[in-house]
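> So the chains spell out like this:
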Amino acid sequence: MATIGHQIVFWIIAVVMTVAAVAVVTARNVVHAALYLVGALMSAAALYILLLAQFVAWVQVLVYVGAIVVLMLFGLMLTNAPIGRASLDNNQRFLAAVTAGVLFLVTSFIMVRAFEGQSIDLVREQGTLTESVGEVIFSAYVLPFEVVSVLLLAALVGAIVIAKRD
Amino acid sequence: MPVSYFLVLSALLFSIGVYGVLARQNAVLVLLSIELMLNAVNINLVAFSALLGQTGVPGQVFALFVIAVAAAEVGIGLAIVILIFRNRQSVDVEEMSLMKW
Amino acid sequence: MILAQSSATAGRAATDFMWLVTLLPFLSAVIIGFGGKRLGGRAHIAGIAAVGGGLVLSLVGFYQLAAGNATVEASWVWFELDSIELEFGMNYDFLTGVMFVVVTTISTLVHIYSVGYMHGDKRYTWFYTALSLFTGSMLFLVIANNLMQMFVGWELVGVCSYFLIGHYWEETDNSSAAIKAFIVTRVGDVGFLFGIFALFIAGGTFNIPELNLLAEEGELTGTIATVGALLLFCGAVGKSAQVPLHVWLPDAMAGPTPVSALIHAATMVVAGVYLVARMFIVFEHAPAALNVVAIVASITMLIAAALALVQDDIKRVLAYSTVSQLAYMMAALGVGAYTAGVFHLFTHAFFKALLFLGAGSIIHAVHSNNMSDMGGLRKFMPTTFMTFIVGSLALAGIFPLAGFFSKDEIIGEALRAASDERQIVAWIVLISALITAFLTALYMTRACVKTFFGAYRGHGHPHESPRTMTVPLQILAVGSVAVGFLGFPVVGPFPDWINVPGEVHHGFSAFYNLALPAISVAVALAAIWLGFQLFYFERFKVDIRSGRFAWFYRLLENKYYIDDIYLDGIVRPIQYPIARATNWINQNVIDGVVNGTAWGTVAAGKGVYGVIDQRVVDFAVNGAAGLTGFSGGILRYIQTGNVQRYAAFLFVAVAAFVALFGLF
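Protein chains in written order, with this note's numbering: chain A, -15 to 150; chain B, 30 to 130; chain C, -4 to 659.
Derived by calculation from the structure, the hints in this document are not laboratory data.
A few of these clues could be false.
[To be verified] With the Cβ distance kept under 8 angstroms, some of the chain A side facing chain B (calculated, not the full set): (1) Asn13; (2) Trp42; (3) Gln44; (4) Val45; (5) Gly50; (6) Gln76; (7) Ala139; (8) Val141; (9) Ile146; (10) Asp150.
In this text, all values refer to a predicted model and were calculated from it rather than measured experimentally.
The beta carbon of each residue, even a glycine, is placed where N, CA and C say it ideally should be.
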């Protein structure tokens, strides 16, 4: 179930996201690419809100846009990102385009065929409550949750170990 | 709203990410494209979770874990890129082809 | 497994252990044969112990049987196919018992005698091995309860005879004699085997008591039964040296004299008579079979007795005498006188063995077989002389020695069969028997005169033989006198032991006609008188070497030319043309096939190697290696070291898999 409002919002988000994504992979300026990624990620967050998954949306903004992109910018800065007009693509652009195209076609064809006729009901009153997300995490998925925290710790330590000067 | 819209959108995003991984010269930009791919997956997950309604909450939980793992992976990935830059003064992927015939 | 119907007395009787008698000589043969080197000159101890033990056991067993114990039959089927059953069994009844006593007695005495006779022989140990083996085989033959087993024993004794005749095989004549004996008896054995088959077809069994029972019930009649019986008789003709297969026995005298005494007088040659006696009921009920037996026997006894008259070799005289006496036994069976025939077998064993051992003693002293080298020996060898005379008188049938009772019994039965039952065959037998009795006494007188009387014609100094040789002679002489009384009319126990159901005893219960024994004794005495006149006093000297009867003399001298007929008619054609043809076939055809196959295989091998192995297989192998290298050389360029290139391939593959799993 979706009102016309939902559809318009969806299309706008879709277009913005697509344009941003294409810009990420074709920009000549690395910093521009990173900023275009922000656009893509934000549109994804908007999409999550449309899909009534508010908690995921805000976590996306917090972590992805807030942390990951910042990290990327730091990386770009520390590795002397070339800021100029030099080409940022390698020699196998054509092969990459073909591969991506084929992959897109195959995947979308299969998915459309598989999920024909199934619709998402977007007019549920409240959507998914954060409460329910929390309940599920801390009951059924508490173990993966703990493991992920250990994973993050490991990543932290690992990153420090790898990148430190000795 | 037909779920296939969201699925096609995520497929599109994923393919663009694939293009980016394969075609970009700068290692950091490759990492950026990988983030695009992971986002596409997340969109897929959340779309299915919305399709299933009340029982689809685990889909969103999964999406949260993906985000957490993506964060960890970016940290490590950048650490490696920085190390390479320190040793080779360059992050050009094409120059890192020592193990060739 | 073992089904024994043995005596009703509680506990085990000796009759249950009769198989031991057969086993002991085999064991001693093994012991002597394998331990010979260490035993050396003492090999005879094991042999004498074995047969001596067997003798004791045989006597005990026979005594028990006579005292009323039941006969023993036990068997074990070792092969079964459809309706054919082959058994391994024993049958101990009176006939077996009598044979056992005969075989073990003579064998023991011969074993003892050979200690002296074979002293210093270079194959002393082997001699005793073969002797034990022979004794065991003969006992095996006798105790067998089925025809197949008997045939096995039959062949075994033939082989042992071959070994023993050819003991002095360094002389070609001796080994030829052994081969001749073996082959001639083999001819008979073929008939024997087919006879067994024929009787099996007729009766469905190999078992002897069963066959006899079937015959008695009238089930074994008709052509096939007669054919079977006559074929069995073929084997008997071969083994018991009847005409026309008698030619091997005189030549078999090439073996040592104790061998002649044991095998060719008392035991192996009587196997034929034993066979007919065992299967007597089958023979009785098979039409015309017994008549054939009687006719053959009659012819044989006359021919052989005549031949004995013109021999110079003392052993050959005795050999032909044996043939003649065996014919007597066969003739008795032929006219239905079962008891008389077996009784004559029993007594003949004693005095014939005595005569042979005596001849051995003489030969040992004079170092020659020929009577022309002897003469006047009674002065030098008194014991041998006395015992030999006793044996000769017994053979001639003089009262009260053993031969008298057994021979006259046969003549009496022949007369009864002739006059009471009006059989022509019986008349023939009767007349032949009387003539032969005359001839027997005549040739034995000749032999005795030439050997013991007159002047010594030889060289050297003959002396009496050692006690190991003379004591057996004395024992046998006593036997020749004593055993006759077992068959004494009315009171003698022999007919109670050996009889055939339905046989009415005339002769033994009362001499059918007292005139008959008187006549036969008179005939014998007349022959003795004539013999003395001819050979001692040398009156009526007819120069038979030339003159009117010269042709007859030459006929006898050449043994009726039978040997020559066999040699030129049968042996030579096989030996020369047929053997050559077979050799040609073997060399060219058979070897040609074999060699051709070999050559073909080699050529094929070479071809396979050159063409297939080198060109095809090696091409494939080398090609595979080259292909691998070539493709490797091309494929290595995939390893660009560029990770993004690898990632491209990876995603292409992912797309392919997605398509694969998603669409199909």
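> Now look at each hint and say whether the structure bears it out.
How the hints compare with the structure:
1. With a cut of 8 angstroms, the hint placing Asn13/A at the interface with chain B is violated, because the nearest CB-to-CB distance is about 11 angstroms.
2. Hint status for Trp42/A relative to chain B: violated, with the closest Cβ pair at about 11 angstroms, above 8 angstroms.
3. For Gln44/A, the suggested interface contact is upheld, since its CB lies about 6 angstroms from the closest CB of chain B, less than 8 angstroms.
4. Restraint check, Val45/A versus chain B: the minimum CB separation of about 11 angstroms is more than 8 angstroms; hint violated.
5. The beta carbon of Gly50/A is not positioned within 8 angstroms of any beta carbon in chain B (closest approach about 10 angstroms), and the interface hint is therefore violated.
6. The interface hint given for Gln76/A is met, as the beta carbon of that residue sits about 6 angstroms from the closest beta carbon of chain B, less than 8 angstroms.
7. Hint status for Ala139/A relative to chain B: holds, with the closest Cβ pair at about 4 angstroms, below 8 angstroms.
8. About 10 angstroms separates the beta-carbon of Val141/A from the nearest beta-carbon of chain B, more than 8 angstroms, and the hint is not met.
9. The interface hint given for Ile146/A holds, since its Cβ lies 4 angstroms from the closest Cβ of chain B, which is under the 8 angstroms cut-off.
10. Taking 8 angstroms as the C-beta contact cut-off toward chain B, the hint placing Asp150/A at the interface is violated, the least distance being around 11 angstroms.
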